[in-house]
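Chemist: Position chain B relative to chain A; hints supplied.
Residue numbers (my numbering), protein chains in the order written: chain A, 13 to 475; chain B, 13 to 475.
If you are wondering where the hints come from, they were derived from the structure by calculation, not from laboratory data. One or more of the hints may lead you astray.
Treat identical chains as interchangeable: a pair holds within one or across any two.
[As the list claims (entries may be wrong)] Computed cross-link-like contacts, BS3-like style, restricted to lysine-lysine with a CA-CA straight-line distance of at most 30 Å:
id : residue 1 : residue 2
1  : K412      : K204
2  : K204      : K167
3  : K167      : K208
4  : K167      : K424
5  : K208      : K412
6  : K424      : K40
7  : K424      : K208
8  : K40       : K208
9  : K412      : K167
10 : K412      : K424
11 : K204      : K424
Number of protein chains: 2
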Amino acid sequence: MSPEEFRAAGHNVVDWLADFLARPEAVKVLSRARPGELIDRLPASAPDRPESISAIMADFESQIVPALTHWNHPGFMAYFATSSSGPGILAEMLTAGLNVNGILWKTSPGLTELEQVTLDWLRQWLGLPPETFGIIFDTASTSSMHAIAAAREAKAPEVHAAGGVTDLILYCSEQAHSSIEKGAIAIGIGQKNVRKISVDREFRMDSAALERAITQDIDAGLRPFCVVATIGTTSTTSIDPVNEIANIAERFGMWLHVDAAYAGSAAIVPELQPLLAGWERADSIVMNPHKWLFVPLDLSVLYTRRPDILRRAFSLVPEYLRTQENPRALNYMEYGIPLGRRFRALKLWFVMRYYGRDQAAGMIRDQLAMAREFAAWIVADDRFEISAPFPFSVVCFRLKGPNEANETLMHKVNDGGDVFLSHTVLHGQFVIRLAIGNMATRREHVLRAWQRISENAPYNEAS
Amino acid sequence: MSPEEFRAAGHNVVDWLADFLARPEAVKVLSRARPGELIDRLPASAPDRPESISAIMADFESQIVPALTHWNHPGFMAYFATSSSGPGILAEMLTAGLNVNGILWKTSPGLTELEQVTLDWLRQWLGLPPETFGIIFDTASTSSMHAIAAAREAKAPEVHAAGGVTDLILYCSEQAHSSIEKGAIAIGIGQKNVRKISVDREFRMDSAALERAITQDIDAGLRPFCVVATIGTTSTTSIDPVNEIANIAERFGMWLHVDAAYAGSAAIVPELQPLLAGWERADSIVMNPHKWLFVPLDLSVLYTRRPDILRRAFSLVPEYLRTQENPRALNYMEYGIPLGRRFRALKLWFVMRYYGRDQAAGMIRDQLAMAREFAAWIVADDRFEISAPFPFSVVCFRLKGPNEANETLMHKVNDGGDVFLSHTVLHGQFVIRLAIGNMATRREHVLRAWQRISENAPYNEAS
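Same shape as in the complex, but just chain A (with noise of 0.2 Å):
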């Protein structure tokens, strides 16, 4: 392709960008696409002879955006929202064509310089001890992984040359993300040595069962290495009790990992670092700037205070990648698995210095207050009860009654095409959660979310 093609099919794709952002309503947020609808649409094999782009953006708005459930739309309330604010796409696209590659510092050393940078600026946000070294990786489930294999290698290096063990004991809630779990499997921890610590009416890790379990295993001739807490936990953005979980993994001699994926990036926001207490003290920390910072995917920021243990756990440099030894070159290629590493700081470089500390946490607190306001009128109706306490942008509530009238309400309205909404189960209970955190939504589609939800409620159902 050209230059000058490329500049009059970038300038198409910027306008269609631009609409689409101005018209965010004119696509379903749910799309209506069946499974396999896509597949027996598209052709069964990529053609031999060029086309041309005309062709085949004319296919991606006909065929693909309808297929897509649109993640960047006010109306979009599932999971945790998700924000591709505008500077951040326009980093993506200077990303795109630049297309450096950060292995090791030499490689691309602006790269790698501007991930530290970032990631001080932004470890300044949070608030987190001068001495936290930050790695981007793709996702927080990936982050989370390298936290648990940083927490093996401290306390088991001999893994490292002979291979797994069998002793090695990991806590978290019955709350905690499925990647702890998950991480803990591949790295060969074993699912069985994954210890699920019970809730307490909040959802909270109860840290009495925690010490109890931890005894019980060194009793048992166990090995306890890694405790994970969470900050703002996937069904009900639940807060475990990190300081006391702290002292523990500290009277334990276990590493402490903090996954605050979702709610980390409440920290910017002065007034809810309180919610975060104890963080601080945590080995490592996951947080997603991609989830509630603005931030397009990929980005997942990993933070620890220990990044020589990181080291220790993943580096191996090959002859092709050695380079002359200066202290501040940092090749983040010996800290993860990933050796080829996208532009990814430059997002988030654009995004804290377009926004600025103020305004970032000014849409923060935006959301919060909106979903403040939700709860409130959720509170107000008698056919509707609240199921966890809500710290942060996401309310979970049910109608007072069977799980299948909120599993039929949940799907009334999303079938209505203008609101996503997900659910949870919480002590067998289905619950309707509603996640605020796209920045293009406003009170008006809150209110709007509330309507269709009380419309298709019925009426009688509590009383």
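Modeler: Just chain B, lined up with the frame of chain A:
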């Protein structure tokens, strides 16, 4: 950022990129930056107040671009050269703007189905069997780690629940990529359980030595579970005898993983497919369209004929992600560590359609021809020698003489700023690698590289 501000800024970014692509040599390929230089220049903290996009872009141009080593430069001939093609960049712009996330089929059906479609299209181009399943990860290191974990699941399913074992043995050649050993360490196989099999004079795994090693390990009561064959090793692009290795893997009931991260793309050229003979017998294959198929970073494909095993190794579905079962609704999160999934397939779809197979194959053919011509110049000059066969687009060569002279030569060439070469070490000898793979690289650039090499090489070293 309002849609209209985005539109204006987006047009500026497209113009910047078009100018960059029109004059890629306006920048030095290898950055002059000193370690820490960019860090020292940038502010120590992010701003509290918003900054304008024009201020950010100005700093991008003046501070960031000079600090980068430019992989999208026609003089980039280090490591494995990559290309960020026009259609690939356009698709990445859309991916960033849509910001859809393919955790599950339901979370954005078109993302999942376009991944299935494009990976099947690519499978056909590569000549792999119809039953092959494909999944996209960020990098080859991540893909290979998943493959090794699947191999473990196949041989020792008890590890999933019980934790690691110390008797599983993995085999690869001493020329295999470091990611194989790193992946084995990460999942708890143990570094001492990775057998690096010797290679022949052409840097291909010695299959007789492989068989001896396996037999010895079995005699010692150990369990050979996986062998990794490489097609296109990182140092020299050598090709392991895949069919012989597949025979051995079959005989001993081992998983065969083929690392074709770089050279796999060559299989889209019909007359090059014999170079990859045997890979269709592999249990899993990694190949990276972001390396040699004109797709921007990152897009690595893991193909496997045994998706059931991969799924068994990685499936873990929490309640909040449970959806109605439908045999045509594929949930990719069950096949790997990452839950969040960028819309990476879109760029592969754009690139495959825009070029079509004939033109994409033609570009690879041209790059092979340039590599052969460069090698002929080396052969014709008495001062130099070829250090390894060059079946693909990478030529390994050296000055006849001491290592220091070769290292000096490489640094002199790289200091020129218009060519970037990397090195490896073979049999203790420092060897220079010239890797052709950027689509902007023309014969004139290879000729210039040769001129830089020739003019910086001492004249009487060899004779």
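Chemist: It remains to establish, for every hint, whether it holds in the given structure.
Modeler: To see whether the hints hold, each was checked on the structure:
1. In the homo-oligomer, the alpha carbons of K412 and K204 never lie at most 30 Å apart, since the shortest distance is 36 Å inside one protomer and 59 Å across protomers.
2. Both within a single protomer and between protomers do K204 and K167 lie at most 30 Å apart by alpha-carbon distance, with minima of 18 Å and 19 Å respectively.
3. With identical chains, the CA atoms of K167 and K208 are at most 30 Å apart both within one copy (20 Å) and between copies (28 Å).
4. For the identical chains of this complex, K167 and K424 are neighbours neither inside a copy (50 Å) nor across copies (46 Å), given an alpha-carbon limit of 30 Å.
5. Taking the shortest alpha-carbon separations for K208 and K412, only the intra-copy value of 29 Å comes in at or below 30 Å, while the best inter-copy value is 63 Å.
6. When the C-alpha separation of K424 and K40 is checked against a cutoff of 30 Å, the pair qualifies only within one copy, where the shortest distance is 14 Å, while the shortest distance between copies is 58 Å.
7. For the identical chains of this complex, K424 and K208 are neighbours neither inside a copy (34 Å) nor across copies (59 Å), given an alpha-carbon limit of 30 Å.
8. In this assembly of identical chains, the alpha carbons of K40 and K208 never lie at most 30 Å apart, being 38 Å within a copy and 54 Å across copies at closest.
9. In this assembly of identical chains, K412 and K167 lie within 30 Å of each other by CA distance neither inside one copy nor across copies; the values are 48 Å within and 49 Å between.
10. When the C-alpha separation of K412 and K424 is checked against a cutoff of 30 Å, the pair qualifies only within one copy, where the shortest distance is 17 Å, while the shortest distance between copies is 76 Å.
11. Taking CA atoms no more than 30 Å apart as the test, K204 paired with K424 passes in neither setting, with 39 Å inside one copy and 57 Å between copies.
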